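Colleague: The lines below spell out each chain.
There are 2 protein chains.
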Amino acid sequence: MLLDRINSSNDVKKLNIDEMNELAKEIRLGILNRTSKIGGHVSPNLGIVETTIALHYVFDTPKDKIVFDVSHQCYAHKIITGRKEGFFNEAYFDKISGFTAPLESEYDTFVVGHTSTSVSLACGLAQARDAVKGNERVIALIGDGSLSGGEALEGLDFAGEMKTGLIIIVNDNEMSIAENHGGLYKNLQLLRETKGKAECNLFKAMGLEYTYLEEGNNIKALIDTFEKIKDTKVPVIVHIHTNKGQGYLPADQYKEMFHFNMPFDVETGQSNFDFSKENYNSLTANYLMNKVKEDEKVYIFNAGTPGALTLTPDKRAILGKHFIDVGIAEEHAVAMVSAMAKRGAKPVLWLLSSFIQRTYDQLSQDLALNNSPAVIIVGWAGINSADMTHLGLFDMTMMSNIPNLVCLSPSNKEEYLAMLDWAIDQNKHPVVIRLPQTITKTNRDVKTDFDNINTYEVVEKGSDIAILALGQMFELGQNVANALKQNGKNPTLINPRFYSDVDEKTLTDLLKNHSKVITLEDGSLSGGFGEKIARFFGPTSMKVFTFGANKEFNNHVPLDELFKKYHLSVDEILKIIL
Amino acid sequence: MLLDRINSSNDVKKLNIDEMNELAKEIRLGILNRTSKIGGHVSPNLGIVETTIALHYVFDTPKDKIVFDVSHQCYAHKIITGRKEGFFNEAYFDKISGFTAPLESEYDTFVVGHTSTSVSLACGLAQARDAVKGNERVIALIGDGSLSGGEALEGLDFAGEMKTGLIIIVNDNEMSIAENHGGLYKNLQLLRETKGKAECNLFKAMGLEYTYLEEGNNIKALIDTFEKIKDTKVPVIVHIHTNKGQGYLPADQYKEMFHFNMPFDVETGQSNFDFSKENYNSLTANYLMNKVKEDEKVYIFNAGTPGALTLTPDKRAILGKHFIDVGIAEEHAVAMVSAMAKRGAKPVLWLLSSFIQRTYDQLSQDLALNNSPAVIIVGWAGINSADMTHLGLFDMTMMSNIPNLVCLSPSNKEEYLAMLDWAIDQNKHPVVIRLPQTITKTNRDVKTDFDNINTYEVVEKGSDIAILALGQMFELGQNVANALKQNGKNPTLINPRFYSDVDEKTLTDLLKNHSKVITLEDGSLSGGFGEKIARFFGPTSMKVFTFGANKEFNNHVPLDELFKKYHLSVDEILKIIL
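Residue numbers (this note's numbering), protein chains in the order written: chain A, 11 to 588; chain B, 11 to 588.
Derived from the structure by calculation, the hints contain no laboratory data.
Everything numeric in this text was worked out from a predicted model, so none of it was measured.
A couple of the hints might just be wrong.
Under the rule of at most 25 Å between Cα atoms (straight-line distance), these lysine-lysine pairs were calculated in the PhoX-like manner [claimed, not checked]:
no., chain 1, residue 1, chain 2, residue 2
1, B, Lys196, B, Lys207
2, A, Lys243, B, Lys331
3, B, Lys207, A, Lys207
4, A, Lys173, B, Lys325
5, A, Lys438, B, Lys143
The following block holds chain A by itself, in its conformation from the complex (with noise of 0.2 Å):
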């Protein structure tokens, strides 16, 4: 193989074009031998063989930078600089990362997960060589989907005005994860069907140089057009016309299904993953399905991951203009269904843990301060050994401080389901409910009025000790209640269903016969749940013990290891609370 030898961007500059033509041959094989094994972003990867291999062609990586945006696309750049075993080689597929990664190699800039940050962060490396009177070139190279993004927006409106050298490849494969949302889109048509010549142009109106490239999966012409602009002393778009699923039949087939996808057969793209199993996100799928048809004033929004969620495209097509895919512009989207619900319609927003991160001020501002009743669904929360990028600890935290959001963690199937239905239904609250991530059988009747905000409900009556056990953690808070009676105790069991407030009446007739209160939560303790269950018994002799997550980036730890390290099985809290 070509790759055999290919260790760094310097051997690929020995190349000629016949043989970059092979080696992008040989780099798939490596991208499609890791995904099939242990899925990752397939179509994507593919699509950006060709304008890798250009860019360490033409460029003096490591000291030029490239930054990749949302790095859903650095597959083929990890295999030319020293990464490549963890594409052939199944020992060494957890050593690599899915997304760029400076302690894996001086190649990556930053870790980079979320998406339309490659522009900004790219000027602020731009800036920073001046300032230290350096002379690398800085490349930001972001993806169609991602320019939809505020962030993306606000980095090349500042671009347009920097006086220095950058250079950003806009990476037009005609797809966000799904389909693309948002009128630039149109625009971005116009200019690949004018070979970037229409006098409209929204980079140019954003202040910025253009330059266009029809074929973007021609290493040739990707060489020469990177040659012409490298030593550019201003910023300038490079807009390239690339091929989504590049090279695999499957995936340029069905680009968005191999966005991100689970492991597959290679011969016929067929997954191995069994998608049939009911969990939260076709449990929410379903339900909305339903409830769109009920009531015409429902609503379903997501920002640029339907997939994510089970929304496939046969769904989409059934709910029709009852669901909004804003594209990726999470901000606008929690704006839009404040909006929405305070003219009396009923919108359902529901994002990722992860992503719902992006929408702090637009939570506080456009939706609590006005509190209108918009329904927030976060999904993908709670702990697990996610990249550092995608982790779900965070939400709880962020938006459980914010005044007048209601927030609700079910225990169960069946409460969560009650929830949906309540908070759809009422007037009053902006209601955010956060999805468990595993269906647990509770086997119990839930309450299914939520009129009364941040009341919780006591599952069990006893004394001594209870337990508060939020959501996903009330199958534990059970189990850690039955060893309990098991030593003798007689435990209160609580399931708080609200975490953004404490229930004053009910902690404080814990205060009564109780001396030893454990909480239980799915998320980061720092500002969490367990913390102001803490300040409020703080003046009292009642002793507080708080299980979650410690306040860190975990990345792709195994969830066992941080069950482990955060105390949460039965005999780690019991062992500590008696």
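Keeping the supplied structure of chain A fixed, place chain B upon it in accordance with the hints.
Modeller: Below, chain B alone, put in the same frame as chain A:
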């Protein structure tokens, strides 16, 4: 006065053009009367008087909805819609907010005080109107300065794909709060110069219909323009060219100073406010201006509010390229300083507490995950009697629960300057410094080494009761300590300095001979500093009393009322803890 018979938009419809021009003059008197006496937004409100009259003439408000972006330009609207007493009668000044407020009037659609939200809110109103089968018109009024904010750009992009009636008026007065920054302003200039005819057009590139009006302060022309588009079936941009400060020479000449002004003499335009008194803003500005001279790697960043930080045009001129106003683009600013710090420069980003809320995800992903040693100064933070849209209560909660951020809260001026010096010159951590609101005299030497992060300073070692008095609250902590001494106690007084984490060693030491801990903080208790202390001591017999603000949106509540409500006085604290 004509205004005597103007009590609603219907009354405007009865006027002819001459009368409306007369009305404009009278409205300006009201604006100047109020702002000269209690301060407020002067020049943006003066510039939009004619537009406001024309809007109420053409549209059927309050059925038709106007969303005022940031609502810096809602005074004429308030005067027309039944609230003129708030401008002409001093006794009513504090009854009428300077921002849109639905509780005041059905003519106001949202509580708004942050920029760049109007387009998204208007999109939601339009979508909901269709969902509930209404037929009102929806108008967003947004200034050119607000266009650089990511939320506004996301909103425009989304609107560009909508297929329903929506009017977006871009009020182009060629200024943000200070001068505009960003490449898109070159496009606005081109559009003004070509009277809207240039092919390259930011709004068209976002997929929007577009019309231009040069005479943005001409009521007749405005009415004609609005009549033409009022029944549009698609989103349309109406780009109007207005003059900030129109009709009052001092405001016309000194547009930035009069953007928001403290009380002034209407005759001369001279401010009646004493700006010479040293405060944390002037202290910071002076420090940074010297620092930039010493170290050319230092760059000062702000997002659109330099005047609020005392960085007036003369100081900005001296700072030259070392001062970077990114425009209203806080997200971009955080990402950019992160990258600059990573590349060896020394960026300092200075934002206001209320606006740093716009950057949670950038703080988390771009900055903290990458552990970039940038410095962020948070101003206007703490318990104050601000408008509910500009509270300084939530920054601590928001930032202190993000891993890796080192958060500092100085107890006096000397300590603050030492922290700033340390933060800029270290290269290990992203550092946040929270400015106290007032300079207090504490008469003591401060430690100037902060390398041991999250370690507290024990100022006085005592027993039984320990006071942890954070930042601005240190003086109150000292006073509580003195009062306790007079009660025969020997309290421990601690200056925590850091609010990002607990100092386990110092807290553990307290367990030896203390039974009570008091925490004092100048922000929301929910998710804040005291809760971290309460959690630490939760499993012990230590009693913890936390003092700070409730989790709530206050609105112009006098400071003494708030301090009373939150028990923030020596007497109240002693009463509670003893």
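Colleague: Hinted pair, alpha-carbon criterion (25 Å max): Lys438 of chain A, Lys143 of chain B. Please report holds or violated.
Modeller: Distance of about 22 Å is within 25 Å: holds.
Colleague: Holds or violated: are the alpha carbons of Lys207 of chain B and Lys207 of chain A at most 25 Å from each other?
Modeller: holds (18 Å)
Colleague: Please work out if Lys196 of chain B and Lys207 of chain B have their alpha carbons no farther apart than 25 Å.
Modeller: holds (14 Å)
Colleague: Lys173 of chain A and Lys325 of chain B were given as a pair; does the straight-line alpha-carbon distance stay at or below 25 Å?
Modeller: At roughly 22 Å apart (the allowed maximum being 25 Å), Lys325 of chain B and Lys173 of chain A satisfy the hint.
Colleague: Going straight from one Cα to the other, do Lys243 of chain A and Lys331 of chain B come out at no more than 25 Å?
Modeller: Within the cut-off at roughly 17 Å; holds.
No hint from the list above goes unmet by this structure.
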